[in-house]
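These are the residues of each chain, in order.
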Amino acid sequence: MTQQELLNQLQQIAFYLVDLNLYMDTHPDCPQGLALYNTYATKLRELRMQYEQAYGPLLNFGNMLAKNGFDWINSPWPWEN
Amino acid sequence: MWIYQKQLQYPVNIQRGDVGMAKFLFAQYGGPDSELSASQQYLAQRFTMPTPETKALLNDIGTEEMAHWEILGAMIYQLTKNATPDEMKAAGLGDYYATRGKGVFQQSPSGEPWTSAYIQVLNDPIANLSNDMAAEQKARAAYERLMSLTNDASIIAPLAFLRAREVVHFQRFGEALMDIQNVCVKNYAKG
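Each protein sequence line maps, in turn, to chains Y and X. Residue 61 in the working numbering sits at position 61 of the first sequence, with consecutive numbering throughout. The working numbering runs 1000 ahead of the 1-based position in the second sequence.
There may be inaccurate statements among the hints.
Pairs of lysine-lysine residues, derived as DSS-like cross-links and limited to a Cα-Cα distance of at most 30 Å, are as follows [claimed, not checked]: (1) Lys1081/X with Lys1006/X; (2) Lys1006/X with Lys67/Y; (3) Lys1138/X with Lys1006/X; (4) Lys1006/X with Lys43/Y; (5) Lys1089/X with Lys1102/X.
The set of hints was computed from the structure by calculation and includes no laboratory data.
Chain Y with its partners taken away, still in its complex shape:
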């Protein structure tokens, strides 16, 4: 998977989880929602680790490793195209 493909997949799952999180905030007792939340949270974690290994950290403040020098600062930043 290319960096862009991996990032697109991450964006989709991350957005799905944002939306589901909002639903769960008002439906905390919904069992189907809860199961989906945890399934996709696991997928998100796996994809993030895959991205981190290949392309460097997506999160700051020590939430991901910076293995190739301090590559957190590297471009492109999200607002750049």
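Please arrange chain X on chain Y, whose structure you already have, making use of the hints.
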């Protein structure tokens, strides 16, 4: 994008209510040199910063300022949560209570709502970073004034932490400014 971490950067455990002190703390919650102003200024300036180092620095300090704004909000909440309407009134927050109850509103101690007129966002990195250094010193001085207005150790401790962060941010912005000036000098020498 942002995600939220469900913890304060520095603990806030205020034991005794103090509406008057809460009123003063609005200076750093929603006043001109508040944490809110700092966060909005740095996060907006980041878009046109020219180097990876300055993009990262403004992104990360801007994000930390949001965590500081949250600390001020937690302090104001804890200082006012058990106050009676009479206590709000006696401390000069009678108008506030009439308007918003104990909602934690982005305003200055004297009641001006927060405005982006407080901040500076240009596409000149030297002007931006110079403004940012000034912002940090104004906030550092504000925390010293706020600490002089109370004897309560549970209020002073988070204020001292926040003051120390202003000093560190000032140092980092100074380094970023020197770095950018060197880039400008090199570009000028190249023609």
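Taken at face value, is the distance from the CA of Lys43/Y to the CA of Lys1006/X at most 30 Å? It holds: about 21 Å lies between the C-alpha atoms, which stays within 30 Å.
Distance restraint between Lys1138/X and Lys1006/X, which requires alpha-carbon spacing of 30 Å or less: 29 Å, holds
Lys1006/X and Lys67/Y were given as a pair; does the straight-line alpha-carbon distance stay at or below 30 Å? 27 Å, holds
Hint check: Lys1081/X vs Lys1006/X, CA-CA at most 30 Å. Holds or violated? 21 Å, holds
Given the proposed pairing of Lys1089/X with Lys1102/X, does the C-alpha separation stay at or below 30 Å? 12 Å, holds
Every hint from the earlier list agrees with this structure, and none is contradicted.
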